Structures are given as structure tokens and as C-alpha cells.
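Chain B: place on chain A using the hints.
Which chain is which? The protein sequence lines are A and B, in order.
Heads up: the first sequence begins at 1 in our numbering, then just goes up one per residue.
Heads up: the second sequence begins at 1 in our numbering, then just goes up one per residue.
Simulated from the structure, these hints should not be mistaken for laboratory data.
Watch out, some of these pointers could steer you wrong.
As the list claims (entries may be wrong) - Derived lysine to any residue pairs resembling SDA-like cross-links, with alpha carbons at most 20 Å apart: (1) A:K298 to B:A105; (2) A:K53 to A:L215; (3) B:K168 to B:L56; (4) A:K27 to A:A271; (5) A:K298 to B:L8; (6) A:K298 to B:P117; (7) A:K298 to B:A108; (8) A:K298 to A:S155; (9) A:K298 to B:L7; (10) A:K298 to B:A106.
Being a predicted model, the structure only gives us computed values, none of them experimental.
Each chain, letter by letter, is given below.
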Amino acid sequence: MNSIIELIPRLGCWLLLAPLLPGIINKVKAWVAGRRGPPVLQLYYDLARLWRKGVVVSTLASPAFVILPAVAWVALLGAAMLVPLGPAGACLSFRGDALLMVYLLALGRFCTAWAALETGSAFEGMGAVREVSYAVLAEAAMVAAVLSLSVQTGSISLATMLAPSVGASAALLAAGLFIVLLAENCRVPFDDPNTHLELTMIHEVMVLDHSGPPLAAILHGAALKLLLFSVVLTQAVLPLTQLSPPAATGLLAGSVLLVTVGVGLVESLLARFALRRVPLLLTTAFLLCLFALLVAWKGGMP
Amino acid sequence: MNSNLNLLIGLAMGLNLVALGSSRLPTLIRAMSAQGVMLGVMPLLMDHEPDWRVALVALATIAGKGLVIPSLLRRAMRTVQIDRELDPLIGFVPSMLLGAGGAIAALALTHLLPLLPEHAGLLLVPGALATMLTGFILLIGRTKAISQVCGYLILENGIYLFGLLLIKAMPLMVEAGVLLDVTVGVFIIGIIVDRIQRAFDSLDTRKLTALRE
Chain A
1 MNSIIELIPR LGCWLLLAPL LPGIINKVKA WVAGRRGPPV LQLYYDLARL WRKGVVVSTL
61 ASPAFVILPA VAWVALLGAA MLVPLGPAGA CLSFRGDALL MVYLLALGRF CTAWAALETG
121 SAFEGMGAVR EVSYAVLAEA AMVAAVLSLS VQTGSISLAT MLAPSVGASA ALLAAGLFIV
181 LLAENCRVPF DDPNTHLELT MIHEVMVLDH SGPPLAAILH GAALKLLLFS VVLTQAVLPL
241 TQLSPPAATG LLAGSVLLVT VGVGLVESLL ARFALRRVPL LLTTAFLLCL FALLVAWKGG
301 MP
Chain B
1 MNSNLNLLIG LAMGLNLVAL GSSRLPTLIR AMSAQGVMLG VMPLLMDHEP DWRVALVALA
61 TIAGKGLVIP SLLRRAMRTV QIDRELDPLI GFVPSMLLGA GGAIAALALT HLLPLLPEHA
121 GLLLVPGALA TMLTGFILLI GRTKAISQVC GYLILENGIY LFGLLLIKAM PLMVEAGVLL
181 DVTVGVFIIG IIVDRIQRAF DSLDTRKLTA LRE
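Only chain A is shown next, with the shape it has when bound in the complex (with noise of 0.2 Å):
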């Protein structure tokens, strides 16, 4: 009984900030180019307003096209709730809950992915394919950084796995984490989320046909999984652990907050790169934790 009391709030503070996060940036990007920019709540709006709509379903989709999102969505709230937000600790917690954020994530994309090819249309396959084919090498990067996490603190377990890197490895590990971020969510280097030029789009086009509730589904899984890796870049990055309990939750929300305006920032300043410049860019990612986890391995120096 207890534990469910201590769960409410957590997963309210997971469900309820995360479409705040988007609304941040699009704020952020407006400013940067002198527009005043939708509400910083504007996600919250749209998604009521898609939650009292209905669906449309091709006649060709089966039954999955509907069902998909919600599986997608679940695995990513999962993947939330193993998380721990700093002082406030994770929803759950066990030996080896890393692998399973990695895999859960992973299940998230599959079922947004396998949704998307439900609607028969060649357009969306193709959105589906750049997707996933980003995502080899993106989770080449996450797996790294997991590993090298892992190797720092000598546990598989996200609540002590995420306690502060030092030195270089720390820097490396914030620069890999952030391009994977920039990658597993689709923002701007790797994919343009306001574009609607057929040709570009990645995510989007995955989801171009989805209405209703599905679509509210996904939008919000989308804002819970940049909520996601904005907390992880951040817990392994900075020693919240070492302060005192309001310091290190105010600390986190400044974290986050920055890297959302980080996002913003890069998303203002830099244009999409051509999809052959990706794999390279997703390499340094992977490399960039790589050395990270060389340098926790030899422990500083060999």
C-alpha cells in the first residue's frame, strides 16, 4: 500500500512534465527567431483536444494500427518508470533494470515502427526504415554508454548506476548522451520535427496517418522519452547524489531545463544534415561513449 502511495506521484511527475519539455523548445526556437511562439502549454492543449476525437483507420490496417501506439506508449512510460529522479528515486527499482530500459525503449520504436508499415502506404515505410536504421546505430551509442556506466560503478542497477562520472569520462559521456538524445528523438540534426517536405521527414511520416487518441498516444510518448534521456544525460553527468535533497531535485529540473533550451538552441542554429552525413555523426556519438567506457574501464590511467 505504502509503495503504491510513493508510486502516484512519481508517475504523475513523469506524465504530467513531459509535454512541457517540447513546448519548452518550440518557445526557445521561436525566440531565436524573433516569433512569439505557440504557449509553452501548447502540447497539453493539443493533446486534450486529440483525446476527444475519433479514429480513423484505414481499411487495410488491421487491428495493430490502433493497438501499437498504446503498446508503445506503455513501454516507454516503463522505461520512465525505472528511472530515477534524483532524490525522488525511480518507480521501480531492481538488479539489472538498465537492460531492460534499453529493450523497452527498444519495443517502443518497434511497435511505432510496425504501426507505421500497418497503413500499407510505401511513404510511411520508408519513414519507418530511415527510423530504424538511425536507431542501429544510435543504440550502439546507448549501449555503450550503458556499458561504460556500468563498468564506472561496477552495477547493472539504473538507482546506483547513475551516480556521478568524473573528468573526461564525464565529458565524453555528456557529449554521446546528447547526440543520442538528439538522435532517438528525432530533433533537428538528425530530422526536422516541424517539417512536412515528404521527402526529409522521418518521425513525422511515421506517424502521419494516426488520428485521435493513437496519435495523442504517441505524441506523448514522444515528450516522455526526450523527458527520459534528458534525465538519464543528466544523473550521469552531474553529482546529484552528493547534495542534499531540495539541492539535487533543483538541480535536476536546471538540468533538464537547460538541455531542453540546449535542444532548442541547436535546433535553431543548425540545419538538418543530408542523410548520408548521419551515420557519420551517429559514429562519434557511439565512439565518443566508447572512449568513455575506455576510460572507466582503466580506471582513469591504465
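Relative to the frame of chain A, chain B by itself:
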């Protein structure tokens, strides 16, 4: 002291990967010259008692590799109006992976070498091996003459890094002589590149393989 030196060598190894991954020649030249400057600073960090000759060679290295050689290369690049490596023989991603694999192998295998105990904690040997490998990959894998020159200079950086192990035993005259040779070499190559461009309308060194009357 050692940790500062290791940090610098680590940064130089990072610049190796930048050099391997960049398709733009200005980035390649900048990575190479930044690496040269780092290498020039290293003897100052290593030396236990201040010595004016070491400081002089360090200063000459920084000036030569940081200013003179890059400006010569940039001028050559401007005259032939080329700033990109378009079709390398070894692609950018494979060459980066090769360089990283080489760096990891160098780090993992160094302890097999019979090193002096005072060098055991330093990254000098793996850094030198990784940098030399980077130079080789650039020399083999790129087709434009200017990239190959950069590869040669990175190779020389690696050898210099190796030479730092012997800084007490090797006469500084040798270092100064090598630096002078490299500078003059780059100076001459700057002129030759212009000639190649005029004769072949391209800097692709693959066109230089066939002899004819």
C-alpha cells in the same frame, strides 16, 4: 603533472578522429595544427627542471606547426580552389572506426611493451601509435594531395610524440632539424600542389600513377 600531460595526449587522440572524420580540408588542417600546438606544449609539462633549450624547441614547434605550416597549406588550398575531399578511398565512417579501433588496440596492448617505469603511467606510447596509425590511414585512404600532406604531418606528430620518451637522451638538434625539414617540405609541397593542379586540372593523386612521355 602526469594527469595534465595525459589529458593533452587524450585531446590529441580525439583530434585524430576529427581529422579522420572530416571531409572539409580546413577542418583537417585545423585539427592537424591544433595537434601540433598541443605537442609543442608537452615538453614544457614533462620537463622537471626548467631548461631554456627545451622551451626554445617548444616555442619553435608551436610556431611552426601552429602557424607556419597551416598558413602554407591554406595558401596552397586557396590557389588550387579545393576545400573538400570528395571521394576518399576509405570512407569517413570506416576510417574513423579504423582509427578508433587502432587507438583502443594501442591502449590495450601498450602494457605488453617493455617500458621504463616512469613512462608506464603515461599515455605517450598509445598516443604515438594511434597518431601514427591515423597518419597512415589518411595517407592511404585520401586521394587529394593536400589531405595526404596532412596525413604525413599527423604521422610526423606521432613520431614526435614517440620522441618525447627520449627527450632527455635525444639531442635537441635532431628535433629542431626535423621541424625545419617538415616546414621546408610543406613549403615545397605547396608549390608542387599548384603545379599538379595546372598540369592535371585536379589534385587527385591517382592520376599521377601512370607514366608517359
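Here is what the structure says about each hint:
no. : hint             : result
1   : A:K298 to B:A105 : 13 Å, holds
2   : A:K53 to A:L215  : 10 Å, holds
3   : B:K168 to B:L56  : 15 Å, holds
4   : A:K27 to A:A271  : 18 Å, holds
5   : A:K298 to B:L8   : 17 Å, holds
6   : A:K298 to B:P117 : 18 Å, holds
7   : A:K298 to B:A108 : 9 Å, holds
8   : A:K298 to A:S155 : 16 Å, holds
9   : A:K298 to B:L7   : 14 Å, holds
10  : A:K298 to B:A106 : 13 Å, holds
The structure agrees with every numbered hint stated previously.
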